[in-house]
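J.: The hints should help you fit chain B onto chain A, whose structure is shown.
Residue-level listing of the chains:
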Amino acid sequence: MLDRLLDGPATVSQLGANHSISPGAISQHLRVLEQAAMIRRTLNGRQHHIELDERGFKPVLTWAEKYGAFWGANLESLGEFLMREKSDEQ
Amino acid sequence: MSSDDASDVDEVKVSAWYAVGVRQAFSAWTDPGEIEKWFGPKGFRAEVLEMDFRIGGRWRFKMISQSGDVSHHRGRYLAIEPEKLLSFTWESEEDSDLTEGRETHVSVHFYAESGGSRVTLVHERLPTPQAKQALEFGWSSGMPKLRRLLEGKRDD
Numbered sequence: 462m463l464d465r466l467l468d469g470p471a472t473v474s475q476l477g478a479n480h481s482i483s484p485g486a487i488s489q490h491l492r493v494l495e496q497a498a499m500i501r502r503t504l505n506g507r508q509h510h511i512e513l514d515e516r517g518f519k520p521v522l523t524w525a526e527k528y529g530a531f532w533g534a535n536l537e538s539l540g541e542f543l544m545r546e547k548s549d550e551q
Numbered sequence: 009m010s011s012d013d014a015s016d017v018d019e020v021k022v023s024a025w026y027a028v029g030v031r032q033a034f035s036a037w038t039d040p041g042e043i044e045k046w047f048g049p050k051g052f053r054a055e056v057l058e059m060d061f062r063i064g065g066r067w068r069f070k071m072i073s074q075s076g077d078v079s080h081h082r083g084r085y086l087a088i089e090p091e092k093l094l095s096f097t098w099e100s101e102e103d104s105d106l107t108e109g110r111e112t113h114v115s116v117h118f119y120a121e122s123g124g125s126r127v128t129l130v131h132e133r134l135p136t137p138q139a140k141q142a143l144e145f146g147w148s149s150g151m152p153k154l155r156r157l158l159e160g161k162r163d164d
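Chains A and B are the protein sequences, given in the same order. Residue numbers for the first sequence follow my numbering, so the first one is 462 and each next one is one higher. Residue numbers for the second sequence follow my numbering, so the first one is 9 and each next one is one higher.
Isolated chain A, as found in the complex:
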C-alpha cells in the first residue's frame, strides 16, 4: 500500500484493489499510518484521497543521512589508525 503511494496519491478503493484484504482492514491500517504521520487524507466529496506525508518520513531520512556519513567517516578514521599502527610495527 505504501509502495502504491510512492507512485502518487490514490483513493481508498485504489489502495485496496491489489490486496485480498477487507475494506475494514484497509481503513484500520490507514488510521495507523495517519497517526504515525506517514499518510495524510483529504476529502473530496465522498472520496478520500490518500497521499504520503513527509512529516512521518523526514526524521528517518535525516537520521539515516547523518549516521551514514558519521559511520562512514569513522571507518575511514579506523583505516588510517590501523595503517599507522601497522607501519609502527615494521
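Careful: at least some of the hints might be erroneous.
[Stated by the list, open to error] With a straight-line cut-off of 27 Å between C-alpha atoms, the simulated BS3-like cross-links for lysine-lysine are:
#, chain 1, residue 1, chain 2, residue 2
1, B, Lys-45, A, Lys-519
2, B, Lys-92, B, Lys-70
3, A, Lys-527, B, Lys-50
4, B, Lys-50, B, Lys-70
5, B, Lys-21, A, Lys-527
6, B, Lys-92, A, Lys-547
7, A, Lys-519, B, Lys-92
8, B, Lys-45, A, Lys-547
The set of hints was computed from the structure by calculation and includes no laboratory data. None of the values given here were measured: they were computed from a predicted structure.
T.: For chain B alone, kept in the frame of chain A given last:
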C-alpha cells in the same frame, strides 16, 4: 512484506576492508587506549569517559570537534564475541531529537577476508511500535524511492 523490509527503512550500513588481521581490527574497537587514537570522523577526537567492557556494561564517550564543540555518546554492550562481533546500544546525548529518546543499536561485524579483515557496521534505529506496524504493512521498495520523492518535493 516481512519485518526485514521494515528494518531496511530505519537502518544504516557501512563496510570497509583493512589490510590487518581481525585481531587488530577488533582490538581497535575494544581497547579504550586504541579507541581514543581513532574514534570519530576526521577532525574530531574522542575521550573514553566510561567503559565497562562486558555484556550489559555501560560505555560513555566524549567527542570534541576541531572548533571545540563537545558531544557525548553512551550506551551499553549487548554482545561481545572476540574477533567476530561487537554490539552495543547508542544514544547521542546532544542529539536526542534524532533518536527521540528511542534506543538505537549498533552491531560491528568482523570477518577475515582476502588476507585482511572486513568490518561491517549496522546501526538500527528501532521504530516506534506504531511506525513498525505501519511499515510492515506494504513496504518493499523502501528508502531510495522515498528519498527521491521527498527530494523532489524539496525542489518545488
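J.: Does B/Lys-50 lie within 27 Å of A/Lys-527 when you go C-alpha to C-alpha?
T.: Distance of about 15 Å is within 27 Å: holds.
J.: Given the hinted pair A/Lys-519 and B/Lys-92, is their Cα-Cα distance within 27 Å?
T.: 34 Å, violated
J.: CA of B/Lys-45 to CA of A/Lys-547, is that 27 Å or under?
T.: 14 Å, holds
J.: Would you check the hint for B/Lys-45 and A/Lys-519, treating anything up to 27 Å between C-alpha atoms as holding?
T.: 34 Å, violated
J.: Verify the proposed pairing of B/Lys-92 with A/Lys-547, using a straight-line Cα cut of 27 Å.
T.: 21 Å, holds
J.: Run the distance test for B/Lys-21 versus A/Lys-527: straight-line Cα separation, threshold 27 Å.
T.: The given pair, whose Cα atoms are some 12 Å apart, holds under the 27 Å limit.
J.: Need the status of pair B/Lys-92, B/Lys-70: alpha-carbon distance at most 27 Å?
T.: 26 Å, holds
J.: CA of B/Lys-50 to CA of B/Lys-70, is that 27 Å or under?
T.: Roughly 15 Å between the alpha carbons, so the hint for B/Lys-50 and B/Lys-70 holds.
Of the numbered hints listed earlier, those contradicted by the structure are 1 and 7.
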